[in-house]
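This is what each chain is made of:
Number of protein chains: 2
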Amino acid sequence: MELEQMGRLAKEASRNLMKLSKPVKNTCLLTVAENLIDNTEMILEANKKDLEKGRENHMPESLLDRLCLTKERILGIAEGVRQVVALEDPVGEVISMKERPNGLMIGKKRVPLGVIGMIYESRPNVTVDAFSLCFKTGNAVILRGGSDAIYSNTALVSIIKKSLEENQVTPDAVFLLEDTSRETASKMMQLNEYIDVLIPRGGAGLIRSVVQNATVPVIETGTGNCHVYIDQTADVDMAVSIVKNAKLQRLGVCNACESLVIHKDIAKEVLPKLLTMLKENGCEVRGDKTVQAYDETVVPAVTEDYGTEYLDKIISAKVVDSIEDAIEHINANSTGHSEAIVTKDYEHAQKFLNEIDSAAVYVNASTRYTDGFEFGFGAEIGISTQKLHARGPMGLEALTTTKYIIYGNGQVRP
Amino acid sequence: MELEQMGRLAKEASRNLMKLSKPVKNTCLLTVAENLIDNTEMILEANKKDLEKGRENHMPESLLDRLCLTKERILGIAEGVRQVVALEDPVGEVISMKERPNGLMIGKKRVPLGVIGMIYESRPNVTVDAFSLCFKTGNAVILRGGSDAIYSNTALVSIIKKSLEENQVTPDAVFLLEDTSRETASKMMQLNEYIDVLIPRGGAGLIRSVVQNATVPVIETGTGNCHVYIDQTADVDMAVSIVKNAKLQRLGVCNACESLVIHKDIAKEVLPKLLTMLKENGCEVRGDKTVQAYDETVVPAVTEDYGTEYLDKIISAKVVDSIEDAIEHINANSTGHSEAIVTKDYEHAQKFLNEIDSAAVYVNASTRYTDGFEFGFGAEIGISTQKLHARGPMGLEALTTTKYIIYGNGQVRP
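From first to last, the protein sequence lines are chains A and B. With positions in the first sequence counted from 1, the corresponding number in my numbering is that position plus 11. With positions in the second sequence counted from 1, the corresponding number in my numbering is that position plus 11.
Simulated from the structure, these hints should not be mistaken for laboratory data. Each hint can be trusted.
When the alpha-carbon atoms are kept at most 30 Å apart in a straight line, the in silico DSS-like pairs for lysine-lysine are as follows: (1) A:Lys120 x B:Lys355; (2) B:Lys275 x B:Lys355; (3) A:Lys198 x A:Lys60; (4) B:Lys119 x A:Lys255.
Selected chain A positions facing chain B (Cβ under 10 Å, derived; list incomplete): (5) Gln223; (6) Ile367; (7) Thr381; (8) Glu385; (9) Thr412.
From the three backbone atoms N, C-alpha and C, an ideal C-beta is built for every residue, glycine too.
Based on the sequences and whatever the hints tell you, model everything.
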């Protein structure tokens, strides 16, 4: 099917989806969960084809692992859908309603966005995740996954469509772009007539390409060059524990710490312990002259290091003269994702919270908490690092917009 | 000054603006209001140069009128700034704060967007309006007005900068692009490093150009192909009164009605009265066959008529068989701005409110009310017709974003 036609059908479907009752939406999602499990064999077979193709193309083991589905992983995906059923549906809430002096009642009501375009990379679980969150909020979705996972994605989407039909709901609620060419992706990014919002999920290259090419409004999700700043009054053990967690608990994630900033007055006390801990965990440190002086294994940092999201056992480190310098350095180099201060100083804690220009700013906690589940949203469609519409972890509410509903009795403007 | 450098300085300024207290911001705005009045002569002289240039270039009278400043209009602009002072500043509000099971306190705080880029056409009052709203919410602003108003805008911005300096606040809070070439405007639309949001204000051509060219996130503001639907149970006098107001009270505005939709069962009763009223007011009607049958002056409508924002004494009209057909026709042709139903039927009123996909949906009231002042926001930076971030009239809150602030005591993720 042509993209243009998909867009038209998805838009038509979205007009019906916004009318669906909450129980009907939940019943559909439960059918999807059931049918995913019932069709495990079919999904695994399709996934096998993707894996074979990946091996032929010498895909690295780590990517093959992300692509690979197993019986357990499919159970996990189905369980994820059931968790979305349990979440509260934000659609329909009237957030405010006020009477104006002229008698008009003006209310603000939460409604679906319409048609959401998702552009993502290889993991097939995103296909089901994205559908279930979009559907729960009454949106149609056009999915453009990676070509690496095309067999798996096709199988998953066919099961979803079948599940919707079983419940007399339009299968046009979800489309998968089978043509994974760049040209078609570019067209999708400019399909303003039918797509209301684009959400790219993936590496920095993918996100940049969408931001550069899209004319459809984009919610930019997250590359994270996250910082931990150790203030002069920090509890040293807490600082080491937070850095260890933020850098090493999981490497390839956007909320991992990539850069350390240390106040000069605590450097002598905290740096040896930090460097030992990092070395013991096989983590390379790229530091400025002061940091280098503490350990010969510290690699001299170049300017680019402070702007790099390593997603690896590497961390940059810099010593600063004051909290003001720390804040300036962080605001200049961060991607606006998550930053933390470790401090015992009340004023510095408040200053850091106020002046750091990022989606999530922490006092005395690991940046690894920036996550929809950890924030208590029950689900996450991505982490926004831009400032429009949604900032930080995005749950169901980020997939809705509002409209004004106005009750009158014949008012005309004087 | 180069655009790039302006961007850098505006970004730096925005870091300071977000720290300004509410009283300091208000004092600055009051100084601006005072200095605008004190410098009336200087502003009028600059404006005279723009007007002379306009006349040389054979600018139409209506545009010359929009460009023209008078002593009274400058008083009005200053009064507008004072009204912004009186508004509540949304910055700093913590919208929610919850404790998670692990003891983390997670709060959502309203903060400035950062640097806002405004791209607009000839009216010089927008220069002061946009500055005062952006400044009130702690944002820096880069203004790109039309070349037609360059002398007036330069005078106004120099007065604003001077007013800020008098209060020891950075004059980099506002920049005016003196280079009004298309090339520089295009560069501004792609200055992602420094500009957080673009707000275009002007005609359909300007808005389209920004949406097509920008890589910076855009808040699309409003062209309005607004509809009034007259349901079969409508009060006929109310219908005529609402159409008269929505179409004719002011012609060149985005919330004016451009298209009528009439249920077939009321056509016989309402159309003669409507056509008489429109004819008496010199308004051309472009209608389908049914409408044409009522009056020989009705011009046959072509398909494009139903999608046209006339901004003139012209209205399109169509008769439909049912409310479902009306909703489908409106959703297919509207620009998602404002639509109204006139009805006595409870179920139809609810159906229209639920199913029309526009920023503002009215029952028994004129579409002319879609406006920040009429909605009680006290000010308006524009009317958003897109679904991300803000939809409908945008007041101060639309010029803010949120960030998560997290208070911990050493939490690390298990």
